[in-house]
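J.: Sequence:
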Amino acid sequence: MAQAPSGLTLQQLRYFIEVAAEGSISAAADVLYVAQPTMSAAMKDLEARVGRALLVRSTRGVRLTDEGAEFLGYARQVVEQVELLEQRYLGRPPSRRLLGVSAQHYSFAVDAFVRMVRASDAAHYEFALRETRTWDIIDDVRTLRSELGI
1 MAQAPSGLTL
11 QQLRYFIEVA
21 AEGSISAAAD
31 VLYVAQPTMS
41 AAMKDLEARV
51 GRALLVRSTR
61 GVRLTDEGAE
71 FLGYARQVVE
81 QVELLEQRYL
91 GRPPSRRLLG
101 VSAQHYSFAV
111 DAFVRMVRAS
121 DAAHYEFALR
131 ETRTWDIIDD
141 VRTLRSELGI
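So the sequence shown is numbered by our numbering: it starts at 1 and just counts up by one.
Don't take each hint at face value.
[As the list claims (entries may be wrong)] Derived lysine to any residue pairs resembling SDA-like cross-links, with alpha carbons at most 25 Å apart: (1) 44 to 80; (2) 44 to 56; (3) 44 to 26; (4) 44 to 60; (5) 44 to 57; (6) 44 to 67; (7) 44 to 139; (8) 44 to 66; (9) 44 to 76; (10) 44 to 30; (11) 44 to 23; (12) 44 to 11; (13) 44 to 17; (14) 44 to 69; (15) 44 to 143; (16) 44 to 144; (17) 44 to 22; (18) 44 to 31; (19) 44 to 61; (20) 44 to 73; (21) 44 to 14; (22) 44 to 70; (23) 44 to 82; (24) 44 to 12; (25) 44 to 59; (26) 44 to 27; (27) 44 to 24; (28) 44 to 142; (29) 44 to 9; (30) 44 to 33; (31) 44 to 13; (32) 44 to 7; (33) 44 to 78; (34) 44 to 63; (35) 44 to 58; (36) 44 to 77; (37) 44 to 65; (38) 44 to 18; (39) 44 to 34; (40) 44 to 32.
Since the hints were derived computationally from the structure, they do not count as laboratory data.
Construct the entire structure; sequences and hints are all you get.
T.: In structure tokens:
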């Protein structure tokens, strides 16, 4: 990839995190109330700035490259640190943390997930259950889209 000016923005990192979570540029754009072409351009600019392909695009959406998965971990750390600074010094309320679970369609997994949600502090966590195939579950955990795979 051609070299572009250096410097990343928090907005780009937040967009990238959402694209990784949704597995789709269009879906991430919808969640963040951004036009799809704007989101797509932001991802291309991010890849140009870091000089690496972070996403593999297909007609079914996007998936992270190996470097994209590594980049995602660092992006999450940066965004979380900024949120901590804002909470501490700007008096912002803490954001809710996402706890993602990927599982095959098993009723026991759904039942356990529902019990976990009911027993947990909904003020601090946002829960997501994604039912999918085995190899997608493994990929979700590997790329940090989900914290738990069943």
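J.: Hints first: check each against the structure and report whether it holds.
T.: Here is how each hint holds up against the structure:
1. For the hint linking residue 44 to residue 80, the alpha-carbon distance of about 23 Å falls within 25 Å, and the restraint holds.
2. Pair hint residue 44 plus residue 56 holds up; C-alpha atoms about 11 Å apart against a cutoff of 25 Å.
3. Taking the CA atoms of residue 44 and residue 26, the gap is near 14 Å; set against the 25 Å cutoff, the hint holds.
4. For the suggested pair residue 44 and residue 60, the alpha carbons sit about 18 Å apart, so the restraint of at most 25 Å is met.
5. The suggested pairing of residue 44 with residue 57 holds, with an alpha-carbon distance near 11 Å, which does not exceed 25 Å.
6. For a cut-off of 25 Å, the pair hint linking residue 44 to residue 67 stands: about 15 Å separates their Cα positions.
7. Proposed proximity of residue 44 and residue 139 is supported: the alpha carbons are some 23 Å apart, at most 25 Å.
8. Between residue 44 and residue 66 the alpha-carbon distance is near 17 Å, which keeps this suggested pair within the 25 Å criterion.
9. Of the supplied pair hints, the one linking residue 44 and residue 76 holds, its CA atoms being roughly 19 Å apart against a limit of 25 Å.
10. For the hint linking residue 44 to residue 30, the alpha-carbon distance of about 18 Å falls within 25 Å, and the restraint holds.
11. Between residue 44 and residue 23 the alpha-carbon distance is near 16 Å, which keeps this suggested pair within the 25 Å criterion.
12. With a CA separation close to 14 Å, the supplied pair residue 44 and residue 11 stays within the 25 Å bound.
13. Of the pairs offered as hints, the one joining residue 44 and residue 17 holds, with about 14 Å between alpha carbons and a cut-off of 25 Å not exceeded.
14. Restraint check: the Cα-Cα separation between residue 44 and residue 69 comes to about 16 Å, which is no more than 25 Å; the hinted pair holds.
15. This hinted pair checks out: residue 44 and residue 143 have alpha carbons roughly 19 Å apart, not beyond 25 Å.
16. For the suggested pair residue 44 and residue 144, the alpha carbons sit about 21 Å apart, so the restraint of at most 25 Å is met.
17. Taking the CA atoms of residue 44 and residue 22, the gap is about 17 Å. The hint holds against a cut of 25 Å.
18. For the given pair, residue 44 sits about 19 Å from residue 31 by alpha-carbon distance, which is consistent with the 25 Å threshold.
19. Annotation: proposed proximity of residue 44 to residue 61 holds, straight-line Cα distance about 15 Å (limit 25 Å).
20. About 19 Å separates the Cα atoms of residue 44 and residue 73, which keeps this hinted pair within 25 Å; it holds.
21. Under the criterion of a C-alpha separation no larger than 25 Å, the hint pairing residue 44 with residue 14 is consistent with the structure, at around 14 Å.
22. Proximity of residue 44 to residue 70 is assessed by CA-CA distance (about 17 Å); at most 25 Å being required, the pair is judged to hold.
23. Taking the CA atoms of residue 44 and residue 82, the gap is near 24 Å; set against the 25 Å cutoff, the hint holds.
24. Simply put, residue 44 and residue 12 have alpha-carbon atoms about 10 Å apart, close enough for the 25 Å limit, and the pair holds.
25. For the proposed pair residue 44 and residue 59, the alpha carbon gap of about 17 Å is at most 25 Å, so the pair holds.
26. Between the alpha carbons of residue 44 and residue 27 the distance comes to roughly 16 Å, so the proposed pair stays at or under 25 Å and holds.
27. Distance check on the hinted pair: residue 44 and residue 24 sit about 14 Å apart at the alpha-carbon level, within 25 Å; holds.
28. Between residue 44 and residue 142 the alpha-carbon distance is near 23 Å, which keeps this suggested pair within the 25 Å criterion.
29. At roughly 14 Å between alpha-carbon atoms, residue 44 and residue 9 fall within 25 Å of each other, so this suggested pair holds.
30. At most 25 Å may separate the alpha-carbon atoms for a hinted pair to count; residue 44 and residue 33 meet this at roughly 19 Å.
31. Restraint check for residue 44 and residue 13: the C-alpha separation of about 12 Å stays at or below 25 Å, so the hint holds.
32. Distance check on the hinted pair: residue 44 and residue 7 sit about 14 Å apart at the alpha-carbon level, within 25 Å; holds.
33. For the suggested pair residue 44 and residue 78, the alpha carbons sit about 20 Å apart, so the restraint of at most 25 Å is met.
34. In summary, the hint linking residue 44 to residue 63 is supported, as the alpha carbons are separated by about 14 Å, within the 25 Å threshold.
35. For the given pair, residue 44 sits about 15 Å from residue 58 by alpha-carbon distance, which is consistent with the 25 Å threshold.
36. A threshold of 25 Å between alpha carbons decides the hint, and for residue 44 with residue 77 the separation of about 21 Å falls inside it, so the pair holds.
37. Using a Cα cut-off of 25 Å, the hinted pair residue 44 and residue 65 holds, with the two alpha carbons roughly 14 Å apart.
38. Distance hint between residue 44 and residue 18 is fulfilled; the C-alpha atoms sit about 15 Å from each other, no more than 25 Å.
39. A threshold of 25 Å between alpha carbons decides the hint, and for residue 44 with residue 34 the separation of about 15 Å falls inside it, so the pair holds.
40. Distance hint between residue 44 and residue 32 is fulfilled; the C-alpha atoms sit about 17 Å from each other, no more than 25 Å.
Going through the hint list in order, the structure satisfies each hint without exception.
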